[in-house]
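With these hints in hand, go ahead and build the complete structure from the sequences.
One line per chain: the protein sequences are A and B, in this order.
One rule links them: number in the numbering used here = place in the first sequence (from 1) + 1027.
One rule links them: number in the numbering used here = place in the second sequence (from 1) + 1027.
Be aware that one or more of the hints could be misleading.
Cβ-to-Cβ under 8 Å is the rule here; a few derived chain B residues that face chain A [unchecked claim]: (1) 1144; (2) 1153; (3) 1157; (4) 1175; (5) 1182; (6) 1186; (7) 1187; (8) 1189; (9) 1214.
Okay, the calculated bits of chain A under chain B, using three or more residues with CB under 8 Å as the criterion [as the list claims (entries may be wrong)]: (10) 1150 to 1161; (11) 1182 to 1188.
Computed Cβ-Cβ distance ranges for the label pairs, DEER-style [claimed, not checked]: (12) B:1167 / A:1130: 34 to 40 Å; (13) B:1078 / A:1174: 51 to 57 Å; (14) B:1109 / A:1222: 26 to 32 Å; (15) B:1106 / A:1132: 38 to 44 Å.
Source of the hints: derived by calculation from the structure; they are not laboratory data.
None of the values given here were measured: they were computed from a predicted structure.
Using N, Cα and C, we set each Cβ at its ideal position, and we do this for glycine too.
There are 2 protein chains.
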Amino acid sequence: MTTTTRRGRRPGRPDTRAAILAAARERFASVGFGGTTIRAVAVDAGVDAALVHHYFGSKDDLFVAALALPVDPRAVIGAALAGPVEEAAEKLVRTFLSVWDDPGFQPALLATLRRILEPGGDKLIREGFLPVVLLPVGEQLGIDRPELRMPLVASQVIGLILARYVVRIEPIASLDPDRLVAIYAPTIQRYLTGELP
Amino acid sequence: MTTTTRRGRRPGRPDTRAAILAAARERFASVGFGGTTIRAVAVDAGVDAALVHHYFGSKDDLFVAALALPVDPRAVIGAALAGPVEEAAEKLVRTFLSVWDDPGFQPALLATLRRILEPGGDKLIREGFLPVVLLPVGEQLGIDRPELRMPLVASQVIGLILARYVVRIEPIASLDPDRLVAIYAPTIQRYLTGELP
Chain A
1028 MTTTTRRGRR
1038 PGRPDTRAAI
1048 LAAARERFAS
1058 VGFGGTTIRA
1068 VAVDAGVDAA
1078 LVHHYFGSKD
1088 DLFVAALALP
1098 VDPRAVIGAA
1108 LAGPVEEAAE
1118 KLVRTFLSVW
1128 DDPGFQPALL
1138 ATLRRILEPG
1148 GDKLIREGFL
1158 PVVLLPVGEQ
1168 LGIDRPELRM
1178 PLVASQVIGL
1188 ILARYVVRIE
1198 PIASLDPDRL
1208 VAIYAPTIQR
1218 YLTGELP
Chain B
1028 MTTTTRRGRR
1038 PGRPDTRAAI
1048 LAAARERFAS
1058 VGFGGTTIRA
1068 VAVDAGVDAA
1078 LVHHYFGSKD
1088 DLFVAALALP
1098 VDPRAVIGAA
1108 LAGPVEEAAE
1118 KLVRTFLSVW
1128 DDPGFQPALL
1138 ATLRRILEPG
1148 GDKLIREGFL
1158 PVVLLPVGEQ
1168 LGIDRPELRM
1178 PLVASQVIGL
1188 ILARYVVRIE
1198 PIASLDPDRL
1208 VAIYAPTIQR
1218 YLTGELP
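Rendered as C-alpha cells:
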C-alpha cells in the first residue's frame, strides 16, 4: 500500500509535467506549431529534451496535451469516422455533440475554445490543430482536396459549437442532438464529399 | 469659420455621448437586452433619459450603437435582402464578405466580435442581436420558422467569419469572395428556405 501511494505521488514530477506544459503552451501560442521545437520547450521548462519525449511523446502529442482537451480529438474523431465516407458527416456531428454535451468535458472544452479565440490563439489552430488533427482526418477519410474540405467542415462545426455552447442561441442551445445531426449533417457531408466550386 | 469650428466641437457633448454608450454597454452585458432600460442607462450615465433618446433614438438603436459596429447591420442586411428569397443567401454571404473584407471596417468588427465572445458577451447576441437584428431580417424575408432558420444561418456565418478573419485558416482566409459565395450560399439558402427536420 505504501508502495502504491509512492507510485501514485511521484514527488516532484507533477510540477515538471506542468512546467513542460506551460512552456509548450507559451511556445505554441507565440511562435506557432511550426516554430516550436521539443528542444526549445525543454530549455524553457529547465528540463532535458528526453524528459519531454518521455512524458508527452511526439511534438504532435505535446501539442494535443497543451490544448488541455479532456479527450484526444484524434482518437475520438478517428473512431467516429471508421466506416463509409458517405456516413462520415452524421457520425462526425453526433460525436462532436456527445463529447461537448457531456458535463464532465464541457468546462474544459470551453476553456480551450476561449483560449484559442484570444489574440495569439489563432496560431494554435492554424499551425497546430489543422495539420495535426483536422487534415489527417481528411486523409483518413480518403476525400479529395482535404486541405480545402476540412477547413470548410471546421467552419460549420465551430459555428455550431459557438451557437450551442458559447453564445447559447435558442433553439440551437437546447435542440435534441438527433435534430441537430439531421440539420447539420447534410452541410458537413457536402463539404466532405459534395460538388464544390 | 469660427461658427463652423464651434459647431464641429460641441464642447462637452462627445463626453456625454461616450458616457451613455459606456453605461449602455455595461447594462447590456450585465443584465442583457431585455433587462436594460433607457432610464437605467441614463441614471448610470448621469443624464436625463430624454437625452439618451435624443442621441440614440430607440433602445434597439442604442443597442446597435453600443455594439460599436462600423455599419448598422440592419441597413446593410436589409438592403442586401431586397429581392426574391431564393437569391437571399447569395446576397447575404456576398454582403457579409464585402463589409468584413473592407480594411476600413474590419478592425472595429473584429473588436466587436471579440467582445461578444468574452464571458458575458453571449447575452448581447442572445437578447439583443438575435431579436433586434437577425429575426427581423427573417421576417422581412417572409420565411417560415425564422426563429429556427435565422440562428442556423448565424451558426454558419459566424463560423465563416471566425475561419476567415479571426483564426485565418487557409484556404478560407484568402479565397476569392466569389468562390466563398459559391461554397457557402447553398448552405445558407438551405437554412433559409430548404427542407429542415
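> Of the hints given before, which are not true for this structure?
Replying inline: none
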